[in-house]
Amino acid sequence: MRSPIIHYILATTKKLQALIRHDRESFQDTRFLHMLARKEFGPMAAGIVGASEDQIEELERILETLKQNGPLFDAFIKSFIFQDVGRSTTLRDKYQKEINPADLAQAGAFFVEKERIHEKYHLEPGGEECLLFLIRHHGLVHHIVRGELSFSAIQETLAPANKELFDAFFVFSFIMLSALREDLIREDLAERLFAIRAMCHKIIDGETTLNAQLETLFHQRGKLFHALSTYQKKGLPKGSKPADYLASPRWEKVDRKESLRAGRMIFAMERLFRLHGIRYVEFRDLARHMLNVPIKYIYKERKLSSIGYAMFEKELFEALRIYNTLQQLAEETRHFILDRLIGDKVRIYGYEKTSGYLTYENRLKLILVGLLGSKKFRQNHATVCINFLELSRKIEKRYEAINAYLNPLSMKKLWEDKRQVDHFFKAKTGLLLRKEPFPHVLSLDFRDRINIPQKVTYMGTINNVEQLKNYFHYSLRSLRKHPYYTEDYELQLEQAFEKRLTEIIESMLSQTEKQMALIEDFEELHNLFTDLMERSFDLGFSEDQRHRLNDLYEFRKDNLKRQKLREIEEILKTVLDREELRDHWESIKWYLQQNRRFFGKEFENLIAKKFDEVYGKIAPSLEAS
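The sequence shown: position 329 = 329 (the numbering used here), numbered continuously.
Since the hints were made in silico from the structure, they are not lab data.
Don't take each hint at face value.
Said to hold, decoys possible - In the EDC-like style, the derived pairs of lysine to aspartate or glutamate whose C-alpha atoms are separated by at most 20 angstroms in a straight line are:
| hint | residue 1 | residue 2 |
| --- | --- | --- |
| 1 | K561 | D551 |
| 2 | K514 | E498 |
| 3 | K397 | D445 |
| 4 | K601 | E569 |
| 5 | K426 | E466 |
| 6 | K314 | E352 |
| 7 | K561 | D577 |
| 8 | K303 | E282 |
| 9 | K14 | E64 |
| 10 | K241 | E258 |
| 11 | K67 | E128 |
| 12 | K557 | D538 |
| 13 | K514 | D531 |
| 14 | K97 | E113 |
| 15 | K78 | D183 |
| 16 | K499 | D538 |
| 17 | K428 | E416 |
| 18 | K14 | E40 |
| 19 | K94 | E436 |
| 20 | K353 | D183 |
| 21 | K413 | E331 |
| 22 | K375 | E318 |
| 23 | K514 | E524 |
| 24 | K573 | D521 |
| 25 | K609 | E569 |
| 26 | K601 | D521 |
| 27 | K557 | E604 |
| 28 | K589 | E569 |
| 29 | K78 | D29 |
| 30 | K78 | E25 |
| 31 | K163 | E25 |
| 32 | K94 | E113 |
As the list claims (entries may be wrong) - Label pairs and their calculated CB-CB ranges:
| hint | residue 1 | residue 2 | range |
| --- | --- | --- | --- |
| 33 | A330 | L476 | 43 to 51 angstroms |
| 34 | S229 | T89 | 46 to 54 angstroms |
| 35 | R477 | T89 | 32 to 40 angstroms |
| 36 | K314 | L476 | 39 to 47 angstroms |
| 37 | K14 | L320 | 39 to 47 angstroms |
| 38 | Y458 | H423 | 20 to 28 angstroms |
Just so you know, even glycine gets a beta-carbon here, dropped at the ideal spot from N, CA and C.
Use the sequences and the hints to build the structure in full.
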């Protein structure tokens, strides 16, 4: 998400308000979307690439219907405020073992229910279940669009068999996508979402089932696959045109069972495309391209409203590269990857950003490792979550090291030798697999051999400034010799060094304060102070720390002066004659002269004044005697 979370929530509520008020100008940034249209279709483009007027009007109609259901509409409005409570670091720490670290929506619903947050906002009766449902599923459509979840996951929203609740979820999802990024909801994607809504309504009404709808999609793709396979084996039949070949009635005769099997694999491949950020190109476009149908003709046949030719062509070639890389794998390995992506067997978070920095082969190696790792969970038909989010957060800086690590890995060995996957669970460096405390969650991470956390931890044990400096400079030189990006490591090391140096110096100052408290001699105190002050620049004292050292010295010196003054005052109380007073003065005078450079002439004058006062008091008694 590009904007801070508060900006995103405000954007969603603003869009909701625009729909309620029928203020279509405020629902989308039309100026930005027009600029995007000109970028897609050229400077003469007149419209926008966002949702169409008809689509926004339909959203408004849905909201008007939802308003009639008070408890649902109340929960719907409040769900916009609570939607991202799952990001709360305090609650995530508190319930760390009870939430899926990758699923913010699930965590949010859990927090609201566990902390009884909703009770403070006076939901209408029946609204609690609606609120939790909307929070729990608000990101589902976005994850399906990205390929992170299979389309089969939509079943979760159909389970309540409530069309109004589904429509609330649908509008919420639509607004969320639009608020995440203005260009995310384009007219073509919006059209696809409305088609999904229509299909789901039929399922809720009992006119069809999700499995039946999926089988239709599988059958369509299976026929395409068999047509392409036949072409690759036998070529184009005489008299056939490439553009018409795939639509030939002969593919209707393909065995349905076989077409469904192949179609499932193709559907899984399209999910793989989505995982790589390909949103609009489908297998049918790829098949036509392989039949040498011109790309411009393929694009024209798709009748896309908001995607320009350049973007379509880019996605097509990206899909082709992924397809070719997939085809280079052993059939057994390829089928395993695709089989795991069919249905709701695995949910994958954070892969798109991660994959964008890797070579095509390494992308598939990484996903193969994740899928093989997911098999380590008990096979009780529970969905496994594969979490790439930790990896995605560091990929921008570590991609060179990660690619270098993945390059020598053999896909064949990964598949044939299951011990390789076991190694990732035990490894301390390189690619790491970790089972999370929450059931059926597998996280992937990368830690290179530099192991900065270990260096930082070791620095925390060093108590000598010179040793700390030597270790820091040695580690810094070592990092700069590393062939890959290490600037962030250098910064972490520098911050750890400065932190530990400050701690050591603070400890030295504390020890110095204790030493000073034991010293009774001005010269000894001064020597301790000057020795440390002279070394302070080399030791790395900050200006504030030098001031603090000086303050400690002055404070102890003042204490010694007060002690000396009290000592002299006590002695003067016992003096009864001038002769004794003179003897005391002679001894004190020598002491004052010896230490004058430490406490100055003023203190000496103060002592002399004390003697003069006593002298004045005892003189009459001496004369009288």
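Hints and how they fare:
no.	hint	result
1	K561 <-> D551	holds, 15 angstroms
2	K514 <-> E498	violated, 24 angstroms
3	K397 <-> D445	holds, 13 angstroms
4	K601 <-> E569	holds, 18 angstroms
5	K426 <-> E466	violated, 36 angstroms
6	K314 <-> E352	holds, 16 angstroms
7	K561 <-> D577	violated, 26 angstroms
8	K303 <-> E282	holds, 13 angstroms
9	K14 <-> E64	holds, 17 angstroms
10	K241 <-> E258	violated, 26 angstroms
11	K67 <-> E128	holds, 17 angstroms
12	K557 <-> D538	violated, 25 angstroms
13	K514 <-> D531	holds, 16 angstroms
14	K97 <-> E113	holds, 16 angstroms
15	K78 <-> D183	violated, 26 angstroms
16	K499 <-> D538	holds, 17 angstroms
17	K428 <-> E416	violated, 23 angstroms
18	K14 <-> E40	violated, 27 angstroms
19	K94 <-> E436	holds, 15 angstroms
20	K353 <-> D183	holds, 18 angstroms
21	K413 <-> E331	holds, 14 angstroms
22	K375 <-> E318	violated, 29 angstroms
23	K514 <-> E524	holds, 14 angstroms
24	K573 <-> D521	violated, 24 angstroms
25	K609 <-> E569	holds, 11 angstroms
26	K601 <-> D521	holds, 18 angstroms
27	K557 <-> E604	holds, 14 angstroms
28	K589 <-> E569	holds, 15 angstroms
29	K78 <-> D29	violated, 24 angstroms
30	K78 <-> E25	violated, 24 angstroms
31	K163 <-> E25	violated, 28 angstroms
32	K94 <-> E113	holds, 14 angstroms
33	A330 <-> L476: 43 to 51 angstroms	holds, 45 angstroms
34	S229 <-> T89: 46 to 54 angstroms	holds, 52 angstroms
35	R477 <-> T89: 32 to 40 angstroms	holds, 36 angstroms
36	K314 <-> L476: 39 to 47 angstroms	holds, 42 angstroms
37	K14 <-> L320: 39 to 47 angstroms	holds, 40 angstroms
38	Y458 <-> H423: 20 to 28 angstroms	holds, 26 angstroms
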